[in-house]
Amino acid sequence: MTTEILGVIATYGITLLLAWPLSKYIVKIFKGERTWSDFMAPLERLFFKIAGINPKEEMNWKQHMKALLTINMVWFVYAFFALMFQDKLPLNPDGNPGQSADLAFNTAISFVVNCNLQHYAGESGVTYFTQLFVLAFLQFVSAATGIAALIVVFKAMKEKTTTQLGNFWDIFLKTITRILLPISIVIALIFIFNGMPASYAGKDTVITMQGDTVNVSRGPAAGFVAIKHLGTNGGGWFGANSAHPLENPNYVTWMTEMVAQVVIPIAMVFALGMFIQRKKFAYVIFGIMTIGMICLLIPSMQQEMGGNPAIAHMGIQQATGAMEGKEVRFGAAATGYWSTVTTIISTGSICGFHDSTMPLTGLMQLLAMMLNCFYGGCGVGILNYYIFIIIAVFISGLMVGRTPEFMGHKLEAREVKIAAIITLLSPFLILAGTALSSWVLVHHPDVNWAVKPSTWLNNPGYHGFSEMLYEYTSSNANNGSGFEGLGDGNVFWNVSTGFVLILGRFLPIIGPVAIAGLMAAKKHIPESAGTLKTDSLTFGAMTFAVIIILTALSYFPALALGPIAEYFSL
Amino acid sequence: MKKYLWPSIKLTLLLVVLLGGIYPLFLAGIAKMAPGKGDGITVMHNGKVVGYENIAQKFTADKYFQPRPSAVDYNAASSGGSNKSAGNPDYLKTVAERIDTFMVHNPDVKKSDIPAELVTASASGLDPHLTPAAAYVQISRVAKARGIAADRLKQLIDANTKAPVLGIFGLSTVNVLKLNIALDDLK
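So the protein sequences, as listed, match chains A and B.
Going by this note's numbering, the letters in the first sequence line up with residues 1 to 570, in that order.
Going by this note's numbering, the letters in the second sequence line up with residues 571 to 757, in that order.
It should be emphasised that the hints constitute simulated quantities derived from the structure, not laboratory data.
Do not take every clue at face value.
[Claimed, not checked] As a list, the in silico BS3-like pairs of lysine-lysine whose alpha-carbon atoms are at most 27 Å apart:
| id | chain 1 | residue 1 | chain 2 | residue 2 |
| --- | --- | --- | --- | --- |
| 1 | A | Lys66 | A | Lys203 |
| 2 | B | Lys714 | B | Lys680 |
| 3 | A | Lys203 | B | Lys573 |
| 4 | A | Lys66 | A | Lys417 |
| 5 | B | Lys663 | A | Lys203 |
| 6 | A | Lys66 | B | Lys633 |
| 7 | A | Lys49 | B | Lys714 |
| 8 | A | Lys522 | A | Lys62 |
| 9 | A | Lys203 | A | Lys88 |
| 10 | B | Lys572 | A | Lys56 |
| 11 | B | Lys573 | A | Lys49 |
| 12 | A | Lys203 | B | Lys572 |
| 13 | A | Lys66 | B | Lys580 |
| 14 | A | Lys66 | B | Lys607 |
| 15 | B | Lys602 | A | Lys203 |
| 16 | A | Lys66 | A | Lys523 |
| 17 | B | Lys714 | A | Lys88 |
| 18 | B | Lys607 | A | Lys56 |
| 19 | A | Lys522 | A | Lys66 |
| 20 | A | Lys158 | A | Lys452 |
| 21 | B | Lys663 | A | Lys62 |
| 22 | A | Lys280 | A | Lys49 |
| 23 | B | Lys663 | A | Lys452 |
| 24 | B | Lys628 | B | Lys573 |
| 25 | A | Lys203 | B | Lys580 |
| 26 | A | Lys62 | B | Lys748 |
| 27 | B | Lys580 | A | Lys49 |
| 28 | B | Lys573 | A | Lys62 |
| 29 | B | Lys580 | A | Lys56 |
[Said to hold, decoys possible] Have a look at the derived ranges for each label pair, beta carbon to beta carbon:
| id | chain 1 | residue 1 | chain 2 | residue 2 | range |
| --- | --- | --- | --- | --- | --- |
| 30 | A | Ile185 | B | Gly737 | 29 to 35 Å |
| 31 | A | Leu91 | B | Asp728 | 41 to 47 Å |
| 32 | A | Ser536 | B | Lys681 | 54 to 60 Å |
| 33 | B | Ile600 | A | Ser124 | 40 to 46 Å |
| 34 | B | Gly591 | A | Arg45 | 35 to 41 Å |
Remember, it's a predicted structure, so these values are computed and weren't measured experimentally.
Cβ atoms here follow ideal geometry from the backbone N, Cα and C, with glycine treated the same way.
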């Protein structure tokens, strides 16, 4: 038990130790200073030359967003058709079929938006070609998209008055060539030497000790699993994701995957402070995010290690905690930690099934995704937090009766309206989606879809409701984990979550970039004694309160019907 | 938007080749030097491959140590857990049945000694490990079925137990397949 907790503490410690130098490196890259990775420069120049891009051309925030949306659209079209016709494409040793149009729609969007919802199983629903050339590719570029958007906001916050916010293509490509690709290679090598498959061999057939014939799915998973975590994507090579013993063979790979998924989100917070030269501002944000994580983490670990009370009644021993849907090599504490981290940042990979976790752990997972800003996904975590900062600045301004200012620029109606819309968007998408699915379930239980609504839910009662709530929460947060018992492989879920995915991704990217871009173009006001100090602990606490109040008010009724009711009924 | 379309398409193609083609190919090349050559690590017994080190396989006979229950019936062409919630009545019935079955096959074991991991399904359905406690609790059954002293089986389990990383991080685990191979080799 002690070693389980020590393992978790060590893993978090290693993450911090690595995030610090990584943040310095990230800042150097985007300030255009010299780094060890300059040997990649010729490759970047070659790419720009062929693609006809001038990486020195400065863009304003609108041009950034146009470039970002255009290339994302290209990826969607490419992924959609590749997935539908994957059976006709090479690298399909297991002979898997093409995806249906609605599934391909959902899968393509889901990977473009860094969510990786996966309404299919990796062993049978995709081919090696689509895993590598479509899904792993999207795992790189969607993470780079989030980081590129964040760097635009960094630049906007740093400058006194400007509309010139760097070049999207330059930031985007460097994120891949200087950050994601080299680190992914290092991580993949750790995996490979711990026995994770990396070759292109198809299924193997073995005869077991008891004489059963078993097919074993394999494939070039190591590189995929590396970027899956580093890019906070979370989509698994196998159906069981990182609970699969070939996708996460031992505790060392567990630690590696755990560090990999949270190192960039934490490093980006430190990088924020260095980049805009307001270190204290970033430390306060880091502190609030960490406190938020710990508030979610402690109940989760305590609940999972405590075991299932319903099983305790049966009179057996639960020294190892609630082991349904968990793996022995990780144990309850580590799985509890993973479940918190994977939901606060938008990874959504799992090392134990969330559907089978305790009700309060489920509550923490849902809350974590609803907040979606404690560290958060690659780039987008800070963008989400930025919106809460804007709201907090606005409310503070109302309280003292001054025009609110942030980073030396006036915060006016237009920016606050954008922030308000983004804040309201999440509860709207999540609650309206859940309401719609509940309505279909009750009023049209026998519609002839691939999975009939009457058989959607894998569990009765409150938990069944939580399964639907979780699916939309995960989609909106671009998280990608699920209460996987839900029968989501049909046109209703594929299409409805598909739209939630798009809106839940791009509006929360465009919003903060627009606010930052609009503010940066305004006249700079030097700080005075009356300026609200956004790097103080008081303001940090204010932001925290805004986050909690906005979220608690929006979601409490739904949470009360789901995990909270389940807890009291157990 | 039009201005960005061609650059987007060309950059996408280049990156698909780099990230989808060259990157995994490079890794597959290096994996040739790794254990299992990147194909997954297999386990040999009497000159034959009998399974993958990290994939649980079905052991139903009393003379073998048995792995945790699997929601996918140990079919490694798929994977997954039961996704049953903690209070689901059907699920709790399944667990109660597993406990009863275990008691029938292991009459010497007290109910309060049965570790939960032996009657709950793993996440992957392919969990290759047991905790030492979940292996110990099967000793009396295996000892009877094979006519081997319980002490020797305990030693065998201990010899096949992998300690936590550096002795302090994580859990002790017993690989069921390797343990059963060692068991067959005992005579």
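Hints, verified against the model:
no., hint, verdict
1, A/Lys66 to A/Lys203, "violated (43 Å)"
2, B/Lys714 to B/Lys680, "holds (17 Å)"
3, A/Lys203 to B/Lys573, "violated (45 Å)"
4, A/Lys66 to A/Lys417, "holds (21 Å)"
5, B/Lys663 to A/Lys203, "violated (35 Å)"
6, A/Lys66 to B/Lys633, "violated (66 Å)"
7, A/Lys49 to B/Lys714, "violated (74 Å)"
8, A/Lys522 to A/Lys62, "holds (16 Å)"
9, A/Lys203 to A/Lys88, "holds (19 Å)"
10, B/Lys572 to A/Lys56, "holds (20 Å)"
11, B/Lys573 to A/Lys49, "holds (16 Å)"
12, A/Lys203 to B/Lys572, "violated (44 Å)"
13, A/Lys66 to B/Lys580, "holds (16 Å)"
14, A/Lys66 to B/Lys607, "violated (45 Å)"
15, B/Lys602 to A/Lys203, "holds (18 Å)"
16, A/Lys66 to A/Lys523, "holds (25 Å)"
17, B/Lys714 to A/Lys88, "violated (56 Å)"
18, B/Lys607 to A/Lys56, "violated (44 Å)"
19, A/Lys522 to A/Lys66, "holds (22 Å)"
20, A/Lys158 to A/Lys452, "violated (53 Å)"
21, B/Lys663 to A/Lys62, "violated (59 Å)"
22, A/Lys280 to A/Lys49, "violated (41 Å)"
23, B/Lys663 to A/Lys452, "holds (25 Å)"
24, B/Lys628 to B/Lys573, "violated (59 Å)"
25, A/Lys203 to B/Lys580, "violated (34 Å)"
26, A/Lys62 to B/Lys748, "violated (60 Å)"
27, B/Lys580 to A/Lys49, "holds (10 Å)"
28, B/Lys573 to A/Lys62, "holds (13 Å)"
29, B/Lys580 to A/Lys56, "holds (18 Å)"
30, A/Ile185 to B/Gly737: 29 to 35 Å, "holds (30 Å)"
31, A/Leu91 to B/Asp728: 41 to 47 Å, "holds (45 Å)"
32, A/Ser536 to B/Lys681: 54 to 60 Å, "holds (58 Å)"
33, B/Ile600 to A/Ser124: 40 to 46 Å, "violated (28 Å)"
34, B/Gly591 to A/Arg45: 35 to 41 Å, "violated (20 Å)"
Consistency note: the structure conflicts with the earlier hints numbered 1, 3, 5, 6, 7, 12, 14, 17, 18, 20, 21, 22, 24, 25, 26, 33, 34.
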